[in-house]
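> Given next are the chains, with one letter for each unit.
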Amino acid sequence: MTDVRIDDTRTGERAPRIGDSAPRPDGIPKVDGSFTFSSDLWHDRMIWGGTLRSPHPSARIRSIDIGPAIAVTGVHAVLTAADVPGNPNFGLEHVDQPVLASDVVRYEGEPVAIVAADHPEAVRLALEAIVVDYEVTPPLVDPALAESSDPIHPDGNLIRRIHLRHGDQDVVGDVIVEGTYEVGMQDQAFLGPESGLAVPAEDGGVELYIATQWLHADRDQVAACLGLAPELVRLTLSGVGGAFGAREDLSLHAHLCLLALRTRRPVKMVYSREESFHGHVHRHPARMWYRHHADRAGNLVRVEARLLLDGGAYASSSGAVIANATCFAGGPYRIPSADIDGVVVRTNNPPCGAMRGFGAVQTCIGHEAQMDRLAAALGMDPVELRLRNVLAPGDRLLTGQVITGTAPVAEVLRTCTDHPSAATLPDDTMSLPGGAGRTADPEHVHRGEAVALGFKNLMFSEGFDDFSSAICRLEAGVATITCACAEVGQGFVTLAQQITREVLGVDEVVLAPAATATVGSAGSTSASRQTWMSGGAVQAACEEVRVRLIARVADENGIDPDELVMVDGRVVSLAGDFEADLASVTAEAVEAEVEFRHAPTSPLDENGQGDAHVSFAFSAHRAIVDVDRDLGLVKVVELTTSQDVGRLLNPLQAIGQIEGGAAQGVGLAVMEEVQVLDGRIRNASFTDYLVPTALDMPPVEIAALIEQPEPGAPFGAKGIGEPPSISSTAAVVAAIRAATDLDLTHVPVRPTDIALAGA
Amino acid sequence: MTIARTLDDACAALAEHPDALLLAGGTDLMVGVNRGQVRFDHVVVLDRVDELRGWRRDGDELVLGAGLTYAEMGRGELPTLVPALAQAARTVGSPQIRNAGTLGGNIATSSPAGDTLPVLAALDATIVLRTSNGTRRLALDRFVTGVKQNALEPGELIEAVRVPVLDGPQEFLKVGTRNAMVISVASLALVVDGAGRNVRVGLGSVAPVPVRAVEAEAHIGGCIDWDAASVPDIAAVDRFAELVVEAAHPIDDHRGSAAYRNHAVGVLARRALLRAFPGSAP
Ligand SMILES: Cc1cc2nc3c(=O)[nH]c(=O)nc-3n(C[C@H](O)[C@H](O)[C@H](O)COP(=O)(O)OP(=O)(O)OC[C@H]3O[C@@H](n4cnc5c(N)ncnc54)[C@H](O)[C@@H]3O)c2cc1C
Numbered sequence: 001m002t003d004v005r006i007d008d009t010r011t012g013e014r015a016p017r018i019g020d021s022a023p024r025p026d027g028i029p030k031v032d033g034s035f036t037f038s039s040d041l042w043h044d045r046m047i048w049g050g051t052l053r054s055p056h057p058s059a060r061i062r063s064i065d066i067g068p069a070i071a072v073t074g075v076h077a078v079l080t081a082a083d084v085p086g087n088p089n090f091g092l093e094h095v096d097q098p099v100l101a102s103d104v105v106r107y108e109g110e111p112v113a114i115v116a117a118d119h120p121e122a123v124r125l126a127l128e129a130i131v132v133d134y135e136v137t138p139p140l141v142d143p144a145l146a147e148s149s150d151p152i153h154p155d156g157n158l159i160r161r162i163h164l165r166h167g168d169q170d171v172v173g174d175v176i177v178e179g180t181y182e183v184g185m186q187d188q189a190f191l192g193p194e195s196g197l198a199v200p201a202e203d204g205g206v207e208l209y210i211a212t213q214w215l216h217a218d219r220d221q222v223a224a225c226l227g228l229a230p231e232l233v234r235l236t237l238s239g240v241g242g243a244f245g246a247r248e249d250l251s252l253h254a255h256l257c258l259l260a261l262r263t264r265r266p267v268k269m270v271y272s273r274e275e276s277f278h279g280h281v282h283r284h285p286a287r288m289w290y291r292h293h294a295d296r297a298g299n300l301v302r303v304e305a306r307l308l309l310d311g312g313a314y315a316s317s318s319g320a321v322i323a324n325a326t327c328f329a330g331g332p333y334r335i336p337s338a339d340i341d342g343v344v345v346r347t348n349n350p351p352c353g354a355m356r357g358f359g360a361v362q363t364c365i366g367h368e369a370q371m372d373r374l375a376a377a378l379g380m381d382p383v384e385l386r387l388r389n390v391l392a393p394g395d396r397l398l399t400g401q402v403i404t405g406t407a408p409v410a411e412v413l414r415t416c417t418d419h420p421s422a423a424t425l426p427d428d429t430m431s432l433p434g435g436a437g438r439t440a441d442p443e444h445v446h447r448g449e450a451v452a453l454g455f456k457n458l459m460f461s462e463g464f465d466d467f468s469s470a471i472c473r474l475e476a477g478v479a480t481i482t483c484a485c486a487e488v489g490q491g492f493v494t495l496a497q498q499i500t501r502e503v504l505g506v507d508e509v510v511l512a513p514a515a516t517a518t519v520g521s522a523g524s525t526s527a528s529r530q531t532w533m534s535g536g537a538v539q540a541a542c543e544e545v546r547v548r549l550i551a552r553v554a555d556e557n558g559i560d561p562d563e564l565v566m567v568d569g570r571v572v573s574l575a576g577d578f579e580a581d582l583a584s585v586t587a588e589a590v591e592a593e594v595e596f597r598h599a600p601t602s603p604l605d606e607n608g609q610g611d612a613h614v615s616f617a618f619s620a621h622r623a624i625v626d627v628d629r630d631l632g633l634v635k636v637v638e639l640t641t642s643q644d645v646g647r648l649l650n651p652l653q654a655i656g657q658i659e660g661g662a663a664q665g666v667g668l669a670v671m672e673e674v675q676v677l678d679g680r681i682r683n684a685s686f687t688d689y690l691v692p693t694a695l696d697m698p699p700v701e702i703a704a705l706i707e708q709p710e711p712g713a714p715f716g717a718k719g720i721g722e723p724p725s726i727s728s729t730a731a732v733v734a735a736i737r738a739a740t741d742l743d744l745t746h747v748p749v750r751p752t753d754i755a756l757a758g759a
Numbered sequence: 001m002t003i004a005r006t007l008d009d010a011c012a013a014l015a016e017h018p019d020a021l022l023l024a025g026g027t028d029l030m031v032g033v034n035r036g037q038v039r040f041d042h043v044v045v046l047d048r049v050d051e052l053r054g055w056r057r058d059g060d061e062l063v064l065g066a067g068l069t070y071a072e073m074g075r076g077e078l079p080t081l082v083p084a085l086a087q088a089a090r091t092v093g094s095p096q097i098r099n100a101g102t103l104g105g106n107i108a109t110s111s112p113a114g115d116t117l118p119v120l121a122a123l124d125a126t127i128v129l130r131t132s133n134g135t136r137r138l139a140l141d142r143f144v145t146g147v148k149q150n151a152l153e154p155g156e157l158i159e160a161v162r163v164p165v166l167d168g169p170q171e172f173l174k175v176g177t178r179n180a181m182v183i184s185v186a187s188l189a190l191v192v193d194g195a196g197r198n199v200r201v202g203l204g205s206v207a208p209v210p211v212r213a214v215e216a217e218a219h220i221g222g223c224i225d226w227d228a229a230s231v232p233d234i235a236a237v238d239r240f241a242e243l244v245v246e247a248a249h250p251i252d253d254h255r256g257s258a259a260y261r262n263h264a265v266g267v268l269a270r271r272a273l274l275r276a277f278p279g280s281a282p
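Heads up: the protein sequence lines correspond to chains A and B, in order. The first sequence begins at 1 in our numbering and counts up one residue at a time. The second sequence begins at 1 in our numbering and counts up one residue at a time.
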């Protein structure tokens with residue numbers, strides 16, 4: 001683990017500013033159990049809600065009889081699709097998913113009816129009492145057959161195809177390598193299951209306390225389903241127990257509000273762990289075919305790829321995920337010619353959508369495996385091959401877009417590979433592959449090492465009007481920031497304060513609750529965008545307050561405003577002849593509200609070309625693994641990483657993101673897969689959906705955090721949340737290949753893929 | 001609910017409520033209760049019954065209380081007296097689970113993946129069962145009758161388990177898809193009885209019940225140079241592994257395929273044997 005020194009003397013004197021390691025206010029409460037998660041919400045008059053879900057991945061609903069459920073003692077309401085007063089469907093990008101299924105169910109676990117009752121036990125009994133007559137139909141479960149099969153949804157089975165063509169289509173390389181890769185369905189596996197509390201309001205509206213990633217997008221979708229004006233649906237962020245993309249779509253939001261409005265009682269709902277696996281989207285499983293062309297010197301000439309993502313039953317953010325997968329399919333390399341056919345389809349499998357890395361994770365597994373194959377075919381060192389081809393500022397992406405910002409790709413790769421390894425040979429059984437199971441002896445262990453490089457876009461793309469709103473109010477020397485940015489663990493809580501202190505020179509900064517009623521949208525906490533977007537909004541709001549305050553003080557004191565500055569809780573003149581205490585000059589409050597936008601982007605044209613993205617972040621990982629080939633068990637020994645961060649705003653938090661993201665990457669490399677058979681999830685529990693334990697997660701050595709300030713970004717900082725989960729998986733899988741000499745085209749790599757490879 | 005303080009309390013409560021649920025560490029039971037899968041009218045709580053706690057030596061045997069926790073199996077003298085049990089205990093769950101989970105609970109759950117079961121099978125353990133009318137003893141293979149099924153009668157509880165103290169090496173190996181806190185995909189316990197000059201092998205997660213690799217045991221017993229503590233003919237080790245695989249009857253499930261489980265127990269058999277007889281030619 002990388003040690004971070006929190007400089008107590010400095011933080012003791014003055015609260016942390018930009019560049020300081022500011023500890024999270026919710027850090028200790030989350031460890032000692034005192035943090036209030038959305039599942040801890042309570043209201044004295046509240047009743048409990050629950051959801052009846054389809055047991056079938058595909059069926060027609062002939063009838064639903066709620067009579068026996070209503071008869072259960074303590075039941076207040078049993079609602080079906082017929083009770084949805086507004087739009088029967090919702091969706092992040094495409095409104096295609098029923099609030100409650102009416103005529104058909106399209107995935108196992110799809111909500112069919114909802115219940116509110118006095119007690120969770122009464123809810124359970126009522127759910128069991130609902131009689132649904134299903135006519136089971138054969139599910140469409142093979143994404144490769146989706147386009148040629150009968151549509152399972154009025155919107156068809158093709159969710160989106162992007163056929164990207166870049167450069168001269170007729171070039172052929174001297175050396176050509178081909179490969180097919182498969183990535184399994186990963187779950188975000190957050191610890192806090194979906195939960196919330198809806199309280200009916202006097203004005204006919206509803207207050208919803210919820211753990212989410214984007215309050216305003218939820219509000220608009222919920223309001224449409226309820227048939228209410230958006231102002232009547234008021235959302236407040238509750239304690240979020242992890243998100244990673246799984247809270248971008250609605251889950252129980254509309255259900256809670258429907259029940260609260262119907263019963264006129266506060267209603268609380270908490271998903272069980274098993275239900276949670278059915279209640280949110282997963283990372284898209286991918287099938288990828290690649291063909292790489294290079295000249296004899298190792299310069300990439302052309303990349304061809306066919307990407308097939310399984311979107312599951314509903315669109316969610318599949319359209320944007322396939323755009324990322326397609327645009328970044330080649331990796332952070334200079335590629336003059338490309339033909340990438342990216343397709344995401346609808347099936348009766350669990351819906352897939354956003355997850356940390358968002359399409360770039362899957363393709364990184366593909367392009368990095370290809371780079372290693374190419375290096376082998378060329379007889380070149382894999383790092384040298386990469387260095388020869390890495391993107392640099394001024395280069396073009398596959399979309400034709402020129403990189404105008406920073407792109408320290410070579411630096412990231414070089415620092416990572418040059419970093420000395422601290423890995424030693426395992427000395428006790430526990431640290432061998434198989435760990436506590438005592439299966440391996442040192443002579444059974446083969447060590448492998450490999451490097452991978454990855455990148456993705458920051459913020460929303462393809463012409464989306466992406467903005468964040470923030471209000472800064474400075475009164476009696478205390479700054480209050482109001483912003484609807486959802487804190488899901490990424491660190492806005494400290495950053496908003498650090499930025500405010502930096503701009504206004506104040507110490508005391510209060511962060512108001514994130515809610516829809518008090519401020520405009522902050523956009524989604526996803527796409528590594530909040531530091532830039534909501535950080536930018538906070539910075540701009542504070543700047544505006546500073547300008548207004550200085551103008552006021554200048555005016556009142558007859559001083560040229562250009563002569564005044566704000567430092568450490570005072571307004572002072574440069575000449576030194578004026579000084580006022582901030583608390584006294586802000587006895588009357590100064591307030592500013594801003595909407596912050598990043599530079600506009602454009603849509604992709606019919607060839608997948610266009611300046612569709614704002615900015616890019618790059619990372620490299622080097623993995624060292626020990627493999628027991630006979631049993632196919634893996635121990636990841638060490639991960640070393642370098643990352644392009646633009647500028648480091650909070651080192652402590654950056655390290656947290658980098659380690660946490662790598663843990664998810666290690667999980668995907670060796671164990672995390674939602675196993676779906678005939679449309680059904682076979683491992684919807686933490687007993688069988690395995691995530692890394694402390695024995696599985698190696699120390700993360702941070703070789704370098706490359707600070708090249710990004711133009712246009714607040715303080716030059718790039719988002720850092722996603723890159724750690726992109727190149728880490730590819731590096732671990734490549735290291736396992738190195739240890740075993742096997743192709744290993746399925747990710748996660750399963751014990752049987754290694755142990756029975758020859759069989 | 002009865003919170004029993006003595007064995008008699010517990011048996012009396014059970015006599016009165018023969019269908020009562022027994023609660024020890026709760027690490028299996030409460031999972032079912034929380035999922036709404038386990039319904040009950042009465043609960044008899046066992047974790048405060050001193051007579052069920054701990055272990056004692058009785059001649060050449062150990063009497064392990066049903067309330068012995070995994071953490072306790074790894075402490076004090078037990079790891080030297082029954083090393084395979086301590087090794088198996090260390091593979092179970094997390095520290096929290098090892099502090100709460102008990103031997104009796106593992107046996108009564110009778111899961112094919114119960115980690116103490118292959119060890120108890122290899123040791124020819126005897127289960128001591130008690131009702132208010134007295135006790136009876138059953139060999140483990142008579143007790144566990146199927147997947148999560150056993151010979152426990154209404155009104156009966158597990159009081160203890162009797163295992164021999166053997167003089168040879170013991171090994172427990174468990175394959176899982178994670179390096180800790182994982183349900184076994186395949187496991188193997190091998191114990192050596194030097195005085196009796198035999199090797200006994202129990203397998204977990206490869207059949208509905210814990211199995212003994214009887215033919216493999218018979219084969220290898222004759223191939224060991226007991227004085228040198230080695231298997232001189234390495235082909236005999238290969239044959240041993242083959243026979244162990246033949247004793248397994250695994251299924252395909254989401255934790256692993258039958259083919260992988262067969263392969264894995266073969267690997268484990270070989271490794272366990274070579275650890276127990278380190279003088280063997282590689
Ligand atoms: C996170 C987690 C990880 C786990 N990991 C493992 C693992 O790695 N390996 C493994 O084998 N198991 C594992 N388990 C399962 C469980 O911990 C063990 O089976 C444990 O031994 C159960 O013991 P207990 O005392 O908690 O039993 P309880 O849950 O109290 O009871 C289990 C069953 O046994 C019955 N019972 C308990 N005591 C007696 C008695 N004296 N007489 C008769 N019946 C009795 C109960 O009525 C119940 O039916 C895990 C469980 C969890 C929750």
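Hints were generated in silico from the structure; no laboratory data involved. Misleading hints may appear alongside valid ones.
[Unchecked claim] To spell it out: a stretch of chain B is covered by chain A in this simulated footprint if at least three of its residues, at any positions, have a beta carbon under 8 angstroms from a beta carbon of chain A; those stretches are:
{"no.": "1", "region": "111-117"}
{"no.": "2", "region": "170-180"}
{"no.": "3", "region": "189-202"}
{"no.": "4", "region": "254-263"}
[To be verified] A few chain A residues that don't get close to chain B, going by computed Cβ distances all over 12 angstroms:
{"no.": "5", "residue": "Arg24"}
{"no.": "6", "residue": "Pro25"}
{"no.": "7", "residue": "Ala423"}
{"no.": "8", "residue": "Thr424"}
{"no.": "9", "residue": "Pro600"}
{"no.": "10", "residue": "Lys635"}
{"no.": "11", "residue": "Glu659"}
{"no.": "12", "residue": "Val670"}
[As the list claims (entries may be wrong)] Derived Cβ-Cβ restraints for the label pairs, each shown as a range:
{"no.": "13", "chain 1": "A", "residue 1": "Ser685", "chain 2": "B", "residue 2": "Arg136", "range": "35 to 41 angstroms"}
{"no.": "14", "chain 1": "A", "residue 1": "Ser685", "chain 2": "B", "residue 2": "Ala235", "range": "26 to 32 angstroms"}
{"no.": "15", "chain 1": "B", "residue 1": "Ala235", "chain 2": "A", "residue 2": "Glu384", "range": "33 to 39 angstroms"}
{"no.": "16", "chain 1": "A", "residue 1": "Val95", "chain 2": "B", "residue 2": "Gln149", "range": "49 to 55 angstroms"}
{"no.": "17", "chain 1": "B", "residue 1": "Arg136", "chain 2": "A", "residue 2": "Leu191", "range": "24 to 30 angstroms"}
{"no.": "18", "chain 1": "A", "residue 1": "Pro603", "chain 2": "B", "residue 2": "Asn99", "range": "57 to 63 angstroms"}
{"no.": "19", "chain 1": "A", "residue 1": "Thr693", "chain 2": "B", "residue 2": "Ile251", "range": "22 to 28 angstroms"}
{"no.": "20", "chain 1": "B", "residue 1": "Val147", "chain 2": "A", "residue 2": "Met430", "range": "28 to 34 angstroms"}
{"no.": "21", "chain 1": "A", "residue 1": "Ser148", "chain 2": "B", "residue 2": "Met30", "range": "47 to 53 angstroms"}
{"no.": "22", "chain 1": "B", "residue 1": "Arg136", "chain 2": "A", "residue 2": "Pro442", "range": "31 to 37 angstroms"}
{"no.": "23", "chain 1": "A", "residue 1": "Thr693", "chain 2": "B", "residue 2": "Arg39", "range": "30 to 36 angstroms"}
Even for Gly, the Cβ is constructed at its ideal location relative to N, Cα and C.
> Taking the earlier hints as the rules, which of them does this structure contradict?
Going through the list in order, the structure violates hints 1, 3, 10, 12, 14, 15, 17, 22 and respects the others.
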